[in-house]
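Peer 1: Position one of the sequence shown corresponds to residue 1 (full-length UniProt numbering), numbered consecutively onward.
The set of hints was computed from the structure by calculation and includes no laboratory data.
Any given hint might turn out to be false.
[Said to hold, decoys possible] Derived pair list, reagent style DSS-like, types lysine-lysine, alpha-carbon separation capped at 30 Å: (1) K49 <-> K156; (2) K111 <-> K95; (3) K49 <-> K225; (4) K129 <-> K202; (5) K96 <-> K130; (6) K230 <-> K95; (7) K156 <-> K202; (8) K225 <-> K96; (9) K129 <-> K156; (10) K156 <-> K225; (11) K130 <-> K202; (12) K156 <-> K230; (13) K226 <-> K156; (14) K202 <-> K225.
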Amino acid sequence: MGNRFLPVCRQDMEERGWDQVDFVYVIGDAYVDHPSFGHAIISRLLESKGYRVGIISQPDWRDPESVAVYGEPRLAFLVTSGNMDSMVNHYSVSKKRRRTDAYTPGGIMGKRPDHACVVYGNLIRQTYKKTPVILGGIEASLRRLAHYDYWSDRLKRSVLLDSGADIISYGMGERSILEIAEALEAGIPVEELTYVDGTAVKVRSLDRIYDAEILPSFEALKEDKKEYAKSFYTQY
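Use the sequences and the hints to build the structure in full.
Peer 2: Structural data, given as structure tokens:
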């Protein structure tokens, strides 16, 4: 691991003599290589283990090409809305639009979309249908299961479903991201990574999930507030 910044464009990647990166890290913040930013910790940790990481900071969410600058990563896309939930970043508690974005150069507002994790995930899926997509950061962590969305005043599904992602590394993700990386390196399909602590994974069947505690369905939560309370209590 050197003192250089990680690649932020294809030219940076090619100057290092790389023809492909292992992970493309899509972030909603400006790229700041400092440990107060989650993306800096995770990307440098992966780099320290020999993985090649390319950064895409604040891509144009209206253009699929903005997340394709490195081509397809060898292992996965990493996605985070940034150090702050994108809706908190954009709106006050009274739902008024904020004027500045503290995590964007010059404080310019509008460099990331509302519900950035969902938007970025779907943007990636427009081009890369089967490449693993891993969500992380505070927005994905707090929305990993069915949750009440203050901004729309309604219950929403997990961002894992709405974003098209495969897995969420929630909370402090240093250990889980390395375990995920090692598994992908070993050729284990992402849908089989149900054993990694601190993750939420999308699976088609519970047949291979042992000692599972089943939460109420999304439909049940919408119909009964008490069921939602029970589910929330079980989670935490």
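Peer 1: Please go over all the hints and tell whether each is borne out by the structure.
Peer 2: Hints versus structure:
1. K49 <-> K156: Not satisfied, since the Cα-Cα distance of roughly 37 Å exceeds 30 Å.
2. K111 <-> K95: holds, 19 Å
3. K49 <-> K225: violated, 45 Å
4. K129 <-> K202: holds, 15 Å
5. K96 <-> K130: The given pair, whose Cα atoms are some 38 Å apart, is violated under the 30 Å limit.
6. K230 <-> K95: holds, 28 Å
7. K156 <-> K202: holds, 16 Å
8. K225 <-> K96: Cα-Cα ~28 Å, so holds.
9. K129 <-> K156: Holds, because 24 Å separates the two Cα atoms, which is no more than 30 Å.
10. K156 <-> K225: OK: K156 and K225 at ~13 Å, within 30 Å.
11. K130 <-> K202: OK: K130 and K202 at ~14 Å, within 30 Å.
12. K156 <-> K230: holds, 17 Å
13. K226 <-> K156: Holds, at about 16 Å.
14. K202 <-> K225: holds, 25 Å
Violated hints, listed in ascending order, are 1, 3 and 5; each of the other numbered hints is respected by the structure.
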